[in-house]
Amino acid sequence: MQDVPGNTVRVVLDGVFATQPRLRSYILDDQDRVRRHVAIYINGDRIADRDRLSDPVGAADEVFVFQALSGG
Amino acid sequence: MSDRLLVGTKKGLFTLRRTGGGWTIADTRFLGDPISMLLHDPRDGTLYAAEALGHFGVKLQRSRDAGATWQELPAPAFPKTGTDGPSVSYLFCLETGGADQPGWIWCGTIPGALFLSRDHGESWSLNQGLWDLPQRKEWMGGGFDDAGVASICVDPRRSAHLTIGVSTGGVWITDDGGASWRGSADGMHADYFPPERASDPEVQDIHRLVQCSAAPDTLWVQHHNGVFRSTDGARSWQDVTAIRPSKFGFAAAGAVFADHARGGFPEGVVGAGPGVGDGVREGQDQCGGDAGDE
Chain A
1 MQDVPGNTVR VVLDGVFATQ PRLRSYILDD QDRVRRHVAI YINGDRIADR DRLSDPVGAA
61 DEVFVFQALS GG
Chain B
1 MSDRLLVGTK KGLFTLRRTG GGWTIADTRF LGDPISMLLH DPRDGTLYAA EALGHFGVKL
61 QRSRDAGATW QELPAPAFPK TGTDGPSVSY LFCLETGGAD QPGWIWCGTI PGALFLSRDH
121 GESWSLNQGL WDLPQRKEWM GGGFDDAGVA SICVDPRRSA HLTIGVSTGG VWITDDGGAS
181 WRGSADGMHA DYFPPERASD PEVQDIHRLV QCSAAPDTLW VQHHNGVFRS TDGARSWQDV
241 TAIRPSKFGF AAAGAVFADH ARGGFPEGVV GAGPGVGDGV REGQDQCGGD AGDE
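Top line first, the protein sequences correspond to chains A and B. For the first sequence, the numbering used here begins at 1 and goes up steadily by one. For the second sequence, the numbering used here begins at 1 and goes up steadily by one.
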């Protein structure tokens with residue numbers, strides 16, 4: 001887990017990518033959208049805006065990044 | 001005779017070494033990662049491996065010590081144009097630039113685009129001329145959701161002359177290093193298409209395009225419809241029909257070999273492309289043979 005400042009998912013992730021640049025292309029595609037088989041949650045809620053990552057993030061919130069699982 | 005064989009699979013990269021009478025797996029890398037393409041650059045010995053990670057996108061790896069260690073490089077990516085813009089979903093083919101272009105690497109992708117690195121894969125730029133072709137809107141997926149640049153041939157006589165094959169989108173040629181492109185699929189036909197469209201350049205599904213290094217005006221295409229050959233620098237194509245066991249396939253040719261001794265069909269060395277089939281045969285490095293006359 002990493003503590004980063006930011007009031008939207010975009011800003012929070014950019015804060016993480018600033019210290020781990022290679023991670024960006026694993027989570028986001030060429031246009032900085034969330035990759036199709038990656039899911040992002042704020043606390044227990046899945047984000048609504050996968051294109052612009054504009055969902056608000058509070059100071060005490062946690063942002064989770066998952067890889068989707070397929071199959072039964 | 002080579003004693004090492006690199007095999008890219010959907011489950012990783014395997015290095016096989018010749019031992020006595022057979023081959024054994026000497027090394028395993030990227031276990032579990034689908035490898036979409038491999039390239040050995042004969043100019044400097046560098047190895048490139050393209051990955052297609054299901055969750056995390058396409059990745060590009062490079063080794064400068066014959067596979068002992070690998071470094072992840074930035075993969076080809078489209079310029080940022082907004083949330084409706086394209087994103088590379090597959091690194092379909094990798095080719096070296098000309099002998100006079102050290103460090104140049106071409107990459108064909110899905111969606112159908114061409115990228116160039118001039119610095120051994122450290123950075124990539126989109127070939128805008130091909131991407132902006134109005135005819136590109138007619139291209140379509142052939143086995144994948146979107147069209148892909150499946151093959152790139154750099155003319156050994158002049159490196160600015162490239163011929164590429166698109167699945168599905170025909171054959172395209174540039175004489176100026178990629179600034180401008182022209183279609184060149186005359187003579188090809190896709191008989192599984194509506195008859196009115198069967199000969200359209202944009203509907204030709206090029207599984208694999210190779211150019212003879214010894215006689216570069218001779219090119220071969222494994223097409224979804226069969227095999228076509230050109231002897232005039234891809235200006236026109238002739239159907240090659242008498243091929244056993246089948247004219248259908250996903251030819252794995254890394255170089256063209258026409259077997260004059262057997263009067264045979266051009267056969268390939270081992271490649272790592274999608275859908276690589278079996279039936280690899282040896283042949284002589286000559287291209288003028290009248291294939292299909294077995």
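Hints in this document: simulated from the structure, not taken from any laboratory. Keep in mind that this is a model prediction, so the values were computed, not measured. Backbone N, C-alpha and C define an ideal beta-carbon position, used for all residues, glycine too. Check before you lean on any hint, since a few could be wrong.
Under the rule of at most 16 Å between Cα atoms (straight-line distance), these lysine to aspartate or glutamate pairs were calculated in the EDC-like manner [stated by the list, open to error]:
{"#": "1", "chain 1": "B", "residue 1": "K80", "chain 2": "A", "residue 2": "D32"}
{"#": "2", "chain 1": "B", "residue 1": "K80", "chain 2": "A", "residue 2": "D30"}
{"#": "3", "chain 1": "B", "residue 1": "K80", "chain 2": "A", "residue 2": "D61"}
Just a sample of chain A residues kept apart from chain B, beta carbon distances all over 12 Å, derived [stated by the list, open to error]:
{"#": "4", "residue": "Q2"}
{"#": "5", "residue": "D3"}
{"#": "6", "residue": "G6"}
{"#": "7", "residue": "V11"}
{"#": "8", "residue": "I27"}
{"#": "9", "residue": "A39"}
{"#": "10", "residue": "D45"}
{"#": "11", "residue": "I47"}
{"#": "12", "residue": "A60"}
Cross-check of the supplied hints:
The straight-line distance between the Cα atoms of K80/B and D32/A is roughly 8 Å, inside the 16 Å bound, and the hint therefore holds. This hinted pair checks out: K80/B and D30/A have alpha carbons roughly 7 Å apart, not beyond 16 Å. With a C-alpha separation of about 29 Å, the suggested pair K80/B and D61/A falls outside the 16 Å cut-off, and the hint is violated. Every CB of chain B lies more than 12 Å from the CB of Q2/A, the least distance being 18 Å, so the non-interface label holds.
Separation of D3/A from chain B is adequate, the least Cβ-Cβ distance of about 24 Å exceeding the 12 Å criterion. Under the 12 Å C-beta cut-off, the non-interface status given to G6/A relative to chain B holds; the minimum distance is some 20 Å. Consistency note on V11/A: stated as away from chain B, and its beta-carbon is indeed over 12 Å from all of that chain's, at 17 Å minimum. With a closest Cβ-Cβ approach of about 8 Å to chain B, I27/A is found to fall inside the 12 Å limit, against its non-interface label.
Interface exclusion of A39/A from chain B breaks down, the closest Cβ pair being 10 Å apart, not more than 12 Å. Interface exclusion of D45/A from chain B stands, the closest Cβ pair being 21 Å apart, more than 12 Å. With a cut of 12 Å on Cβ distances, I47/A stays outside the contact zone with chain B, its closest approach being about 14 Å. Every CB of chain B lies more than 12 Å from the CB of A60/A, the least distance being 28 Å, so the non-interface label holds.
Violated hints, listed in ascending order, are 3, 8 and 9; each of the other numbered hints is respected by the structure.
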